[in-house]
Amino acid sequence: MTDAASARVVAAPDLPDILPPVKARRGLAGFVVRHPTMAIGLAILAVMAFVAIFAPLLGTVDPTALAPAKRTRAPSADFWFGSDAFGRDIYSRVLYGARVSLLVGFAVAALASFAGLVIGLLSGYIRAVDGIVMRAMDGLMSIPPILLAVALMALTRASVGNVIMSITIAEIPRVARLVRGVVLSLREQPYVEAAITTGTTTPRIILKHILPNTIAPLTVQATYICGSAMIVESILSFIGAGTPPITPSWGNIMADGRALWQVKPYIIFFPAIFLSLTVLAVNLVGDGLRDALDPRMVKRL
Amino acid sequence: MNPIILEVRGLKKHYGVKGRAASGAGAVRAVDGVTFSISRGETLALVGESGCGKSTVGKAILRLFDITEGEVLLDGERIDEMTSRELRPLRRKIQVVFQDPFSSLNPRMRVREILAEPIRNFGLAKSEAEIDARIAALLDKVRLPRDAAGRWPHEFSGGQRQRIGIARALAAEPELIICDEAVSALDVSVKAQIVNLLQDLQKELGLALLFISHDLAIVEHIAHRVAVMYLGRIVELAGKRALFAGPQHPYTEALLSAAPAPDPTVTSKRILLQGDVPSPLNPPSGCHFHTRCPYVFDRCRRDDPALHEVEPAHYAACHLRETPRQ
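Protein sequence lines correspond, in order, to chains A and B. If you read the first sequence in this note's numbering, its first letter stands for residue 1, the second for the next number, and so on. If you read the second sequence in this note's numbering, its first letter stands for residue 1001, the second for the next number, and so on.
Worth flagging that the hints you see were computed from the coordinates, not collected in a lab. Given the structure is predicted, the values throughout are model-derived calculations rather than measurements. All C-beta atoms, glycine included, are put in the ideal place defined by N, C-alpha and C. One thing to keep in mind: the hints can contain errors.
Claimed, not checked - Computed spacing ranges between beta-carbons, pair by pair:
{"hint": "1", "chain 1": "B", "residue 1": "1085", "chain 2": "A", "residue 2": "245", "range": "53 to 61 Å"}
{"hint": "2", "chain 1": "A", "residue 1": "130", "chain 2": "B", "residue 2": "1016", "range": "57 to 65 Å"}
{"hint": "3", "chain 1": "A", "residue 1": "129", "chain 2": "B", "residue 2": "1085", "range": "46 to 54 Å"}
{"hint": "4", "chain 1": "B", "residue 1": "1016", "chain 2": "A", "residue 2": "202", "range": "23 to 31 Å"}
Said to hold, decoys possible - Rough simulated footprint, nothing fancy, chain B against chain A, three-plus residues with beta-carbon under 8 Å:
{"hint": "5", "region": "177-191"}
{"hint": "6", "region": "195-208"}
Claimed, not checked - For lysine-lysine, the following DSS-like pairs were computed, each having C-alpha atoms within a straight-line distance of at most 25 Å:
{"hint": "7", "chain 1": "B", "residue 1": "1141", "chain 2": "B", "residue 2": "1203"}
{"hint": "8", "chain 1": "B", "residue 1": "1141", "chain 2": "B", "residue 2": "1191"}
{"hint": "9", "chain 1": "B", "residue 1": "1203", "chain 2": "B", "residue 2": "1093"}
{"hint": "10", "chain 1": "A", "residue 1": "208", "chain 2": "B", "residue 2": "1126"}
{"hint": "11", "chain 1": "B", "residue 1": "1203", "chain 2": "A", "residue 2": "208"}
{"hint": "12", "chain 1": "B", "residue 1": "1191", "chain 2": "B", "residue 2": "1203"}
{"hint": "13", "chain 1": "B", "residue 1": "1059", "chain 2": "B", "residue 2": "1191"}
{"hint": "14", "chain 1": "B", "residue 1": "1059", "chain 2": "B", "residue 2": "1093"}
{"hint": "15", "chain 1": "A", "residue 1": "208", "chain 2": "B", "residue 2": "1059"}
Please build the complete structure, drawing on both the sequences and the hints.
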């Protein structure tokens, strides 16, 4: 066997390559070239996270300090983004507001993904659970998420924790549905049937064969939830049903500037820019992840 | 004759019926009364065209779903009525190799993990070192390099993946392997390798094989006995030589005449069947084949022919082959 293989003659060893070899870039440059959208998104997110974490060190003042003498100043050397109707420094408020938005976005994405994953796995794999749980999810989904969050906030006290909880509950059904759909298609896969015939118990099949294969679509969905949670948080704050007005959040700043937006547009402009950029970044990361994890889906959206 | 390992009696699988109702109108009769047995070390081929229920028979034996009616006996023990807990240790004896080598291996598990799963589940090894030794032996058996254990399924070709699938089946030390179109998705050359591998393993380990296929050339090569299925029923069951030399059922005759001969100078008479396979939702009365049979007569439309021993160990379900009633 090996003699025959070594005796084989290579017919044309010196033929040129039909396709010139592409230099595979490695490291950061390679990542940027291969996934430009994800790279841009991650870069913006990194900047936002940096701003949120190091807000006290970036030339800010107390974001809640009132200065009635310096109300509604235009952007200047003293007030980089201007000051609002109570004389609070908008630059400081926007930077501190990043903390609320990022916290809400990531906390909701994590919590809703986890809860939705558990519900979806159970209802996708266990027939008896499916009917009841999915009808409950359908019921939740029939209420627009913002209305549901508003209703839940109306039942509780205004705080960041309650905002996170309300938006999470509103987002869970979408994740549960997605995971259930993936599980339903996975459980028919021959490797799951093979796992059954090799004596694997149901909990282990869910854990070892189903769960790892739901992570990719779930991660992508989590990024979209993160972006949408940031927007919903701002909406809740804007209509006064979100974080307490004293807490600087992008929604609160915009709510404060609403009365003056025709004469002092910058009060709304700066937090809006930050919110849009952050949500755009999160969505870019989500798109990039989707393309990287499942190349077949690239053309579809 | 070797002792019987698996016996299937009157197996029915109807879809769209609630619970285990025997037979209702509006049910898809995927498998409609199938009876056969497999001896140790024997290869029984189950052939038939797409949708005739051959894969359903395989999955029913594996208890991937509950059957509608009938009995499945493994080593004389009924497994169709067991709870999944009772059945789990017995599952070791029956393993499966699927058709599609790409979806039959979990893409997120390394080959080592895939092969270790049955070994762990059935408690066949006491330590991790023993598992590694067994995996190395399995990879040798299916003629894959030992370093394959650390790789992912996507690093292998179709034929190599099918070898991994066979190794996984062997890992459980089974007595019967169900090959559900196990070579149908492979290239001709790879197909031959896998078929020969299966035959070698059968000789070495005394495995029984239920070889589900529509490829008559492969079946003629590997099988000892052949069962021909049509619309959820076995129409003919015989030793390979007897069946290929002298088919007793008109459907088998037509099926064999449709298989291409490797010799271009041989021109065989083609029997062309008229029409399509009737729907298993509403199978014809009497003999299921009567709508397309060239020899159809009155009785075929009324009476359902039973599988009948027309020659020693050669069974056919056709009124034409029945001996006069006693």
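Hints, verified against the model:
Look at residue 1085 of chain B against residue 245 of chain A: about 59 Å separates their beta carbons, and that is inside 53 to 61 Å. At about 19 Å, the beta-carbon gap between residue 130 of chain A and residue 1016 of chain B misses the expected band of 57 to 65 Å. For residue 129 of chain A and residue 1085 of chain B, the hinted distance range of 46 to 54 Å is not satisfied, since their beta carbons lie about 19 Å from each other. One distance hint, 23 to 31 Å for the beta-carbon pair residue 1016 of chain B and residue 202 of chain A, holds here, with the actual separation near 25 Å.
Counting residues of the region 177-191 of chain A whose beta-carbon sits less than 8 Å from any beta-carbon of chain B gives 3, enough to reach three: the coverage restraint holds. Requiring three or more residues with a Cβ within less than 8 Å of a Cβ of chain B, the coverage given for the region 195-208 of chain A holds, as 8 such residues are present. Taken as a hint, the residue 1141 of chain B and residue 1203 of chain B pair is honoured in the structure, with Cα atoms around 12 Å apart against an allowance of 25 Å. Distance check on the hinted pair: residue 1141 of chain B and residue 1191 of chain B sit about 17 Å apart at the alpha-carbon level, within 25 Å; holds.
For the given pair, residue 1203 of chain B sits about 17 Å from residue 1093 of chain B by alpha-carbon distance, which is consistent with the 25 Å threshold. With a C-alpha separation of about 21 Å, the suggested pair residue 208 of chain A and residue 1126 of chain B falls inside the 25 Å cut-off, and the hint holds. Restraint check: the Cα-Cα separation between residue 1203 of chain B and residue 208 of chain A comes to about 34 Å, which exceeds 25 Å; the hinted pair is violated. A hinted pair counts as satisfied when its Cα atoms are at most 25 Å apart, and residue 1191 of chain B with residue 1203 of chain B qualifies at roughly 19 Å.
Straight-line distance between C-alpha atoms of residue 1059 of chain B and residue 1191 of chain B comes to about 22 Å, which keeps the hinted pair within the 25 Å bound. Of the pairs offered as hints, the one joining residue 1059 of chain B and residue 1093 of chain B holds, with about 14 Å between alpha carbons and a cut-off of 25 Å not exceeded. About 22 Å separates the Cα atoms of residue 208 of chain A and residue 1059 of chain B, which keeps this hinted pair within 25 Å; it holds.
Hint check: violations occur at hints 2, 3, 11; the rest are consistent with the structure.
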